[in-house]
Amino acid sequence: QKEVEQNSGPLSVPEGAIASLNCTYSDRGSQSFFWYRQYSGKSPELIMSIYSNGDKEDGRFTAQLNKASQYVSLLIRDSQPSDSATYLCAVNGEYGNKLVFGAGTILRVKS
Amino acid sequence: DGGITQSPKYLFRKEGQNVTLSCEQNLNHDAMYWYRQDPGQGLRLIYYSQIVNDFQKGDIAEGYSVSREKKESFPLNVTSAKKNPTAFYLCASTRGGGGWNEKLFFGSGTQLSVL
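Chain order of the listed sequences is A and B.
Position 77 of the first sequence, counted from 1, bears residue number 174 in the numbering used here, the numbering being contiguous throughout.
Position 12 of the second sequence, counted from 1, bears residue number -3 in the numbering used here, the numbering being contiguous throughout.
Same shape as in the complex, but just chain B (with noise of 0.2 Å):
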């Protein structure tokens, strides 16, 4: 079956600690998108791409990088320097080339908590 697969799905960061978000797609999809969720508030886009070997920010990029070396793949780093990064993260794709109109596919996410 085509879907996202997300890893792990519990993680534990302690202080100084990068930790990397494992995401992975076979739906041939071009477009890739990781979004954080905290309790009581919508999905906040951290970064996406749009093909491989490119990406750009979201509205909260401080603290985390992404890379697309390959169109299946999209690992999230949350680094140290990311205060309070406890949080549920979805990571979520696209058919692409229908830009922010087409239905967005998402993995099972990752909760993300701070030792």
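The following block holds chain A by itself, in its conformation from the complex (with noise of 0.2 Å):
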């Protein structure tokens, strides 16, 4: 089992519409929660970090964890054409040790 697993899509979404991006990890200890975006041929950039459990919103993001089910997801409301990219989701350790990363969901945004 991978430590940090996303669905790698593409997943396709219509302009205006919600995307929700899934996370799971296997270290049941880990305390923090990264979404960085990643255009292609670029270098990511973070857009949420969450270290508790429930909803953590920033303009059209909301980041939720979910430590029991061991699951971390986000959400992008009115999805617009340049957030097409790649999401990647990052877990620190449980001893705080070590940051792993998903290989990331590619998103697009029609018009």
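Keep in mind that the hints are not guaranteed to be accurate.
As the list claims (entries may be wrong) - Some chain B residues flagged as far from chain A (calculated, every beta-carbon gap over 10 Å):
1. A66
2. T71
3. S98
Unchecked claim - Below, computed lysine to any residue pairings styled on SDA-like, alpha-carbon distance capped at 25 Å:
4. B:K(-6) / A:S179
5. B:K42 / A:S123
6. A:K195 / B:K55
7. B:K42 / A:E142
8. B:K88 / B:Q2
9. B:K88 / A:S129
10. A:K164 / A:G151
Source of the hints: derived by calculation from the structure; they are not laboratory data.
The beta-carbon is built from N, C-alpha and C at its ideal position, and this holds for glycine as well.
Join the two chains, each given in its own frame, into one complex according to the hints.
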């Protein structure tokens, strides 16, 4: 089992819809969770971080964390073509001594 | 503007050749990292350094080497022993002190290809 798993996609949504990206992780002791956005050929940029169970909202983005289910998700409301990118989920280890990235989900927003 | 500068953007390596990827930051960050990204895979940690003159191996350090003689600089050497080095290499930094809970700042990356 991979430490951090994401559906590779591509996930296609129409412009204006809600995009839902999911990530599961294996280390039950993980404490920190991150979502990075990466455009093709570019470097990742942090869009959300979440550390406790529940929802965290920032503009059109909402991160959701459920530690009991070892599940973290990212919702993008009112999706725009400019949101088309690969979204990487990253989780830190139980002892905070490593950060593990998932393979990423490709999102395509169609106008 | 503060940031991380990686050079070159594209690099080609011949068989039996060592190459060096440059990474310079002016963010005054203590910690620096090298990641490798292959198509369809997540970022994998090669080496990291939390302070000058100290560095640790990551998950895939074999065939690579680093140095951290200055706070601003963390070059990555890809040795001739490294098989299949073709990948996108990302340098990153964090302020340090927060462990792996901190936001990573990334450079623009270097695409290394084998001729």
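If you check each hint against the structure, which ones fail? 8
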